[in-house]
Amino acid sequence: MQRREHQPPGFSLVFWRELAWLRRRPLLLALTAVVPLGLMLLLTAILSAGLATRLPIAVLDLDGSEFSRAVIRAVDATPDDAAVLHVAELSEGRHLIVSRKIRGLLMLPRNLERDVFAGRRPEVVFFYNTQTFTVGNLVLRGANAAIPSVAAGIRISLRTEEGQPVEEAKAAVTPIPLQTHALFNSTLNYVHFLLAALLPAVLQTVVVTTMAYAVGLDVETRHRFAVLRRLGGGLLPAMFGKMLPYTILFLSMLGIADAVLFKLLELPLRGEPSLLVFAGVLFVLACQFIGALLALLLRPVAVAVSVATLLTAPAFGFMGIGFPRLGMNAFAYGYGEILPGTWYLMARIDQTIRGTPIDLSWKPILVLIGFVVVLVGISAARVLQMRSSSELERSP
Amino acid sequence: MTMLAVFRSEIGRVFSLRPVVSVVVVAAAVYALFYPQPYLNEALRKVPIAVVDQDRTQTSRELARLMDATPDVAVAQVLPDVPTAQREVYARSIFGILLIPQHFERDLLHGRSSPIALYADASYFLMYNRMNGAVTAVARTLGVNFEITRLVGLGVDLPVATAATDPMPFVAVPLFNPQGGYATYILPAAFVLILQQTLLIGVGLLGTLPSGEAIPSRRFRSRFGDTLYESIATVAGKLLAYLVVEALIVTTYLIGLPYLYGIPRLGSVTTILAFALPFTLAVGALGLVVAAILRKPLAVQLVFAAIGLPFFFLAGFAWPAEAMPLAVQWLARLLPSTLAIDGLVDVAQLGASLSDVRNEFAGLWLLAAGYAAIAVVVEISRRRRAAVSMPA
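Protein sequences, first through last, are from chains Y and S. Numbering follows numbering that gives the first Met the number 0, with no gaps: position 147 of the first sequence is 146. Numbering follows numbering that gives the first Met the number 0, with no gaps: position 347 of the second sequence is 346.
Since the hints were made in silico from the structure, they are not lab data. It should be emphasised that the depicted structure is a prediction, and the values quoted were computed from it without experimental measurement. Where is the CB? At the ideal position from N, CA and C, for every residue including glycine. Don't take every hint at face value.
Facing chain S, a subset of chain Y residues (Cβ under 10 Å, in silico) [what the hints assert, rightly or not]:
| no. | residue |
| --- | --- |
| 1 | L59 |
| 2 | T131 |
| 3 | E167 |
| 4 | D349 |
Covered by chain S, according to a simulated footprint, are these stretches of chain Y (three or more residues, beta-carbon under 8 Å) [unchecked claim]:
| no. | region |
| --- | --- |
| 5 | 12–25 |
| 6 | 62–69 |
| 7 | 263–273 |
| 8 | 276–285 |
| 9 | 290–296 |
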């Protein structure tokens with residue numbers, strides 16, 4: 000190791016040593032920069048469309064009338080669905096759904112036109128697949144919007160034929176119209192909902208596992224551990240000198256991801272940017288100290304990394320983005336509670352799409368501060384304990 | 000070394016190397032219990048909303064009561080105005096606001112259109128869908144009841160009135176997962192991905208941890224034919240070993256766990272296992288390639304720690320492949336999980352036969368062959384290097 004005799008021990012000595020270390024260890028640098036950037040880029044590419052539109056559906060038109068074609072056109076006109084092909088029978092459509100060639104099947108019964116206008120209430124059936132949750136719900140949304148509006152048109156025309164004025168007929172067919180306003184993410188964009196949350200989730204795993212590795216390298220052998228302490232000239236400077244280069248690196252990764260989200264993918268920033276940055280710093284620090292603590296408690300490094308992976312790799316599900324935490328059992332809710340990511344995502348959603356007023360924004364941030372304080376405290380206690388035990392062993 | 004010898008020694012290594020056991024067996028067991036926890040309630044029920052009732056009549060209260068009676072939403076608070084309610088949304092104590100304006104009842108009784116408004120938090124899509132679905136349905140039902148009552152009051156016969164209010168009923172039939180359960184949706188796919196992750200990391204570790212097996216030293220550089228034969232035997236022996244080790248784990252994940260978690264299964268056990276065969280081989284062979292690229296056990300562990308999430312979305316299961324860029328769609332096809340999730344979910348949950356999923360099935364065999372071929376090439380070059388560095 001390159002000695003820096005001229006520099007007094009302290010925070011900056013450890014800091015520069017760690018940077019030099021990073022330069023000489025391509026693996027560590029790759030893990031802290033290339034891997035997270037690559038994974039975030041991949042996720043961004045996957046979800047970049049933001050909206051899944053014109054999902055293919057098939058039509059089984061047993062009526063073949065002008066009216067049935069109007070129904071098909073109405074469904075095709077929704078942004079969600081595209082009627083791409085006609086099938087001759089139900090089993091063919093079912094088969095195409097199973098093989099994912101189409102996402103839904105619209106069935107219009109024989110004599111649809113005649114029966115509708117004769118008041119026989121023929122059923123229009125839409126088959127879809129909820130095994131693929133998101134897609135199933137999206138194709139259904141299209142059909143669900145188009146068909147009742149066609150039906151409403153019929154009801155209005157039935158009434159105007161009887162001599163009712165158009166306005167009155169319109170009011171009569173929908174006595175209670177519902178206006179739905181989507182708060183915060185009015186276009187229901189998956190980039191702003193899902194991708195904006197996935198990127199920090201990936202980073203959480205990367206930070207915890209690589210810190211377990213980086214700190215593990217220092218505490219694995221008693222000698223290196225002693226060197227680190229001497230170089231730092233004290234417990235806290237040594238700890239923060241070791242951590243800070245990574246904090247800067249990971250924050251840059253988060254910064255790059257956010258730059259892409261805000262600039263390219265138009266994620267709104269309705270809240271307080273400084274609060275968002277502050278939450279980001281706390282989030283990275285909390286994750287770093289979880290990794291460090293695992294390295295301090297578990298040996299060898301491989302075990303610390305394994306446990307770090309085990310704890311954080313499945314974490315996304317517990318953070319309540321896809322399936323809300325409200326619907327979880329007590330264990331899952333509790334586990335979500337002790338993940339820094341859960342609180343960071345809350346703070347992030349607050350300051351980006353929601354634009355939460357400042358006085359209602361503090362809870363997740365205070366929790367993150369609590370995480371950092373507690374984790375630094377436990378890590379410091381553990382380092383002290385390791386020092387005293389190693390001194391005990393050394394003195395005969 | 001013959002194939003059988005490699006097979007035997009690799010099986011021995013799987014169970015004697017602690018990091019490998021902890022990934023392939025322990026991690027698989029922990030994930031089986033841990034991963035499904037968030038989803039076990041299957042459905043999101045009773046999303047709390049607030050009602051802002053500016054009408055304060057019998058009909059408006061009836062509407063609020065009907066909302067509360069749906070399984071999807073619960074009226075948690077009754078608040079005086081929208082700004083107050085909006086603060087509650089910011090505080091996440093409620094997720095939607097139902098506004099019933101003044102004169103709601105009066106307009107309704109006078110036959111005028113009487114709109115209501117739902118402000119629903121769309122920063123969590125599932126909650127938004129629940130609230131929107133429930134409120135739409137209630138508003139529609141209540142509205143139709145009013146219309147029928149009014150028509151009957153005008154002297155129209157009930158069947159005619161019903162037909163006039165709903166001339167073309169719309170019936171949506173979910174073909175699979177009819178309850179729309181979240182666990183039923185996500186777990187079959189996630190289990191395939193966990194299998195891939197644990198096996199990839201396990202094989203990656205096996206290939207990078209120092210092995211007791213030394214390449215037999217020869218005085219002379221062996222002929223290419225022999226090297227080729229031995230390399231094929233080595234790769235085949237290893238793949239066979241992974242297949243045997245995974246047999247129990249794959250069966251547990253694809254048959255046992257879905258059963259335990261009450262996920263409906265339409266496909267037969269034999270079909271599922273037949274499909275799992277090329278999947279396991281492809282993942283094992285990919286693991287050998289990964290080991291050759293990453294070279295260090297810690298690199299394997301760390302690179303694969305966070306890769307699961309992108310792999311899951313690549314599979315085109317949570318997010319439709321149609322909406323991904325073409326380059327990403329092609330990249331996705333290089334992963335066994337993409338084809339396996341499609342195929343296995345089709346077979347197990349949709350009851351597809353092997354011939355229904357023959358594309359995925361053939362694709363997995365192709366991947367297995369391709370990655371195995373690369374692994375053989377890697378093995379050949381490793382042997383040649385070893386032969387060169389060996390003092391003659």
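Here's how the hints hold up against the structure:
no.: 1; hint: L59; verdict: 13 Å, violated
no.: 2; hint: T131; verdict: 6 Å, holds
no.: 3; hint: E167; verdict: 7 Å, holds
no.: 4; hint: D349; verdict: 8 Å, holds
no.: 5; hint: 12–25; verdict: violated (count 0)
no.: 6; hint: 62–69; verdict: violated (count 0)
no.: 7; hint: 263–273; verdict: violated (count 0)
no.: 8; hint: 276–285; verdict: violated (count 0)
no.: 9; hint: 290–296; verdict: violated (count 0)
Violated hints, listed in ascending order, are 1, 5, 6, 7, 8, 9; each of the other numbered hints is respected by the structure.
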